[in-house]
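All chains should be modelled from the sequences, with the hints used to inform the complete structure.
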Amino acid sequence: MTGTLLLSMGASSMGFWAMGGYARFVWPCFAFAGLVLAWNWWSARRYHAAARVRAARTLAMAASEQS
Amino acid sequence: MWTWFYRLASPPYVYGVAARLAPWFLGFAAVTIGYGLVAGLVFAPPDYQQGDAFRIIYVHAPSAWMSLFSYTTMAIAGAIALIWRIKMGHAVAAASAPIGASFTLLALVTGSLWGRPMWGTYWAWDPRLTSELILLFLYAGMMSLRSAFEDPARGDRAAALLGIVGLVNVPIIHYSVVWWNSLHQGATVAKLGKPAMPGSMLWPLLSMLLGFMLFYGAVLCMRLQGEVLNRERQAKWIREAIG
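Protein chains in written order, with numbering that gives the first Met the number 0: chain A, 0 to 66; chain B, 0 to 242.
Mixed in with the good hints, there may be bad ones.
Pairwise CB distance ranges, derived in the manner of DEER restraints [stated by the list, open to error]: (1) A:A55 to B:K86: 16 to 26 Å; (2) B:S143 to A:G33: 22 to 32 Å; (3) A:A48 to B:N180: 45 to 55 Å; (4) A:P27 to B:V41: 12 to 22 Å; (5) B:S181 to A:M13: 35 to 45 Å; (6) A:S63 to B:L132: 46 to 56 Å.
Short derived list, chain A residues pointing at chain B, Cβ under 8 Å [unchecked claim]: (7) F31; (8) R51; (9) R53; (10) A54; (11) L58.
Derived by calculation from the structure, the hints in this document are not laboratory data.
For glycine and all other residues, C-beta sits at the position ideal for the given N, C-alpha and C.
If you want it as C-alpha cells, here you go:
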C-alpha cells in the first residue's frame, strides 16, 4: 500500500518536472526569472549600502575640515 | 491639493517614504509571487493547444508588462523633473532604468524560450519582438547617456529627453499585435470584459503581475534611497538619515 502510494507520488513528481515534455523550455525560464529578481534585490541593496558609505565619508570629511 | 505633489520635491521626505515602503512591498511581493508560482505551476491545468509550455506566461507576461510600466514611470518622472524642475524626478528615473532593463531582458529571454517550441524558432523579426528589443536599447541608451556627462545635471536632462522621446515605443509595443500581422499571440488579459483564459489560469497570472509590480516598487524604493544619498551627499539632513 505504502509502496504503491510512494510510486504514484514519484510518478506524479516526475510528470511535474517533465512539464509535458517542455521541461527544457519551462524550467530555464523560471530559473532565469529567479536570477533576475535576485540580482535586482542584491544590486539595489549594494547600491544603497555603497551610497550610505559614500555619504558617511563625505560627512566625516566635512566634519574634520570644520574642526 | 498640490501639497502632496510638492512634498515629493523634498529629498528627506522621498528618502523617508522609500525607506518605510520598501519592506512592505517586498513582503507582499513574496506572498503574491509565491501564490502565483504554486497556483501556476502546480494547480493550473495545461493549455489545450500549448500544453505545459504555456506556464512560461507566468514569468513572461508580468516581465513584459513591467518592462513597459517601468519605462512609462521613468519617462513621466523625467518629464516631471524637466517641467517642474523637481530633482527627485531624475532620481526616480535613474533608479527605475536598471530595473526596467532587467525586466525587458527577462521578457525577451523567456519569450524566446517560449517561441522555440511554439513557433519553431527562438527569434523572429516580428513587430512585437523587435519593438521590445528597441525598448532594451532605449534603456541601455538612457543609462549610458546619464553617465556620459561630467555634469550630472546635464546627464539627467539628456536622459529625461531621450526617455520622453522613446515613450512613443510603448504604444507601438502594446498595439503591435493589432496593427501588424504578428507571430505573437494577441492580448490575453487586456480584454477586461472577456479574458481569453479561465479563472484557474488567470488568477495565478494576475497574482504574478501584482507580485512583480510590488517587487518593482520594493527595488525602486531601495535604489531611490541610494540615488537620493548620492545626490544629496552634502546636505545636512543626511547625517540624521544615515545615523
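To see whether the hints hold, each was checked on the structure:
1. Separated by about 22 Å at the C-beta atoms, A55 (chain A) and K86 (chain B) satisfy the suggested range of 16 to 26 Å.
2. Take S143 (chain B) and G33 (chain A): their Cβ atoms lie about 28 Å apart, and the range 22 to 32 Å holds.
3. About 49 Å separates the C-beta atoms of A48 (chain A) and N180 (chain B), a value consistent with the hinted range of 45 to 55 Å.
4. The hinted window of 12 to 22 Å between P27 (chain A) and V41 (chain B) holds, with their beta carbons roughly 19 Å apart.
5. In this structure the supplied range 35 to 45 Å holds for S181 (chain B) paired with M13 (chain A), their Cβ-Cβ distance being about 36 Å.
6. Separation of S63 (chain A) from L132 (chain B) is about 50 Å and conforms to the stated range, judged on CB atoms against 46 to 56 Å.
7. Given hint, F31 (chain A) at the interface with chain B, holds; its Cβ is 6 Å from that chain's nearest Cβ, closer than 8 Å.
8. A least Cβ separation of about 5 Å between R51 (chain A) and chain B falls short of the 8 Å threshold, and the interface hint therefore holds.
9. Here the hint on R53 (chain A) is kept, as its CB sits about 6 Å from the closest CB of chain B, short of 8 Å.
10. Satisfaction of the interface hint for A54 (chain A) is found here, the shortest Cβ-Cβ separation to chain B being roughly 5 Å, below the 8 Å cut-off.
11. The interface hint given for L58 (chain A) holds, since its Cβ lies 6 Å from the closest Cβ of chain B, which is under the 8 Å cut-off.
Against the hints set out earlier in the document, no violation occurs for any number.
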